[in-house]
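Colleague: Which chain is which? The protein sequence lines are A and B, in order. Heads up: the first sequence at position 8 corresponds to 10 in our numbering, and the numbers run straight through without jumps. Heads up: the second sequence at position 116 corresponds to 937 in our numbering, and the numbers run straight through without jumps.
Hints in this document: simulated from the structure, not taken from any laboratory. Every value quoted in this text rests on a predicted model; they were computed, and no experiment measured them. Quick reminder that beta carbons are idealized off the backbone N, C-alpha and C, glycines included. Among these hints, one or two may not hold up.
Each computed DSSO-like pair below joins lysine-lysine, with the alpha-carbon atoms no more than 27 Å apart [what the hints assert, rightly or not]:
| no. | chain 1 | residue 1 | chain 2 | residue 2 |
| --- | --- | --- | --- | --- |
| 1 | B | K904 | A | K47 |
| 2 | B | K1053 | B | K1039 |
| 3 | B | K880 | A | K56 |
| 4 | A | K53 | B | K898 |
| 5 | B | K993 | B | K873 |
| 6 | A | K72 | B | K1034 |
| 7 | A | K36 | A | K56 |
| 8 | A | K47 | A | K36 |
Reference excerpt, derived from the structure (chain A facing chain B, CB under 10 Å, subset only) [claimed, not checked]:
| no. | residue |
| --- | --- |
| 9 | I16 |
| 10 | A23 |
| 11 | F35 |
| 12 | F58 |
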Amino acid sequence: MGRCCDGRNAYQPISEIRYYAGFILFVLLHLNFKLTLFLRNYLIKRYPYYKILKNFHNAYFLQTLKEIKKRQGMCVGNKCTPGATPDEE
Amino acid sequence: MVTMSNKQVSLMFSGGLDSTTAALNLAKKYAKVHLLTYFNGHGHLYINNSAKRAAELEKIDKNKFTHSIISIEGLFKQMVIDKLLQDYQEYNSGFIWCLGCKMCMHTESIIYNLKNNIEFMADGSSADSDEMVEQMSLSVSLIAMLYEEYKINYFVPVYKQTREEKIMELKKLRFRMGFQIGNRFLGVQPKCIPGELYYMPYLCFNKAMEHEKPLVTKFIKEKKEFADTYIKGHLQNG
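The shape of chain A in the complex, shown without the other chains (with noise of 0.2 Å):
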């Protein structure tokens, strides 16, 4: 058992090809459920949740976004970026 938590999936080499795919796919669909609770709001007179779920949205995005733009945590044409590598328990 060398993992936990991560998924069975985790750190298993991509290509180049599916990263830049990826990468366009997560910015498109975040910045469409963007659009989404925006227009919510806007339809919706004062949706009560509206504030707290842009600023959730908004943090985890931005974080996530570091984080796949760093290539942490995943490996790309079997190059696996510092501390991607997990820990052998």
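Go by the hints and put chain B onto chain A.
Modeller: Okay, now just chain B, sitting in the frame of chain A:
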């Protein structure tokens, strides 16, 4: 006294591969299986897909299943949204959304079981999906402790069954399998948009989920306290 003829069980049910297999499994051992589907009002879509799946189950075994769709919106607001930013600062991970939602579902399940005198509770958690924070073996054992206090026996009937075995079982019984991408089946169960976004880096990049055990334990224990208060208040007020 509980006998085979009146033994009842509740099952958290989405209508996906795991919970459908679990329902079939439970139907062999229990007189009645209560299928419980929850939605939190924040990005849970196509909830009726689970009703379609429940109807398929009823065709196989009439009078064995009852299906309920239950809103946890109010509880989710209190347990998760009201503390969302604070929790995010503390745990620094999006798992607070998914695990918080699951804790709400378990809280409502306890209330459902107590109201209906049901001693057994199950869900479709699977070792194959243990990248999901709520399906880690640690989470499953901590959640079982939550039920123990209310004398409800919580278990995970298909935890060790492989995905391939489940697919074979459902195909054999001619269940709708939906649209297949890889070994995922789309369109047969409700969708959770925040959940999809949270697990996207794992699916797209094989990025480690980094669900640290101490943090998960702390989070569940913290929410358990809230759940206990909520359940007691709810039962007192009828």
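Colleague: State for each hint whether it applies.
Modeller: Hint-by-hint comparison with the structure:
1. B:K904 with A:K47: The given pair, whose Cα atoms are some 23 Å apart, holds under the 27 Å limit.
2. B:K1053 with B:K1039: Answer holds: K1053 (chain B) to K1039 (chain B) is near 22 Å, not above 27 Å.
3. B:K880 with A:K56: This hinted pair is violated, its Cα atoms lying about 44 Å apart.
4. A:K53 with B:K898: Within the cut-off at roughly 14 Å; holds.
5. B:K993 with B:K873: Holds, at about 18 Å.
6. A:K72 with B:K1034: holds (24 Å)
7. A:K36 with A:K56: holds (8 Å)
8. A:K47 with A:K36: Holds, because 17 Å separates the two Cα atoms, which is no more than 27 Å.
9. I16: holds (6 Å)
10. A23: holds (8 Å)
11. F35: holds (6 Å)
12. F58: holds (5 Å)
In the structure shown, a violation is registered for the earlier hint numbered 3 alone.
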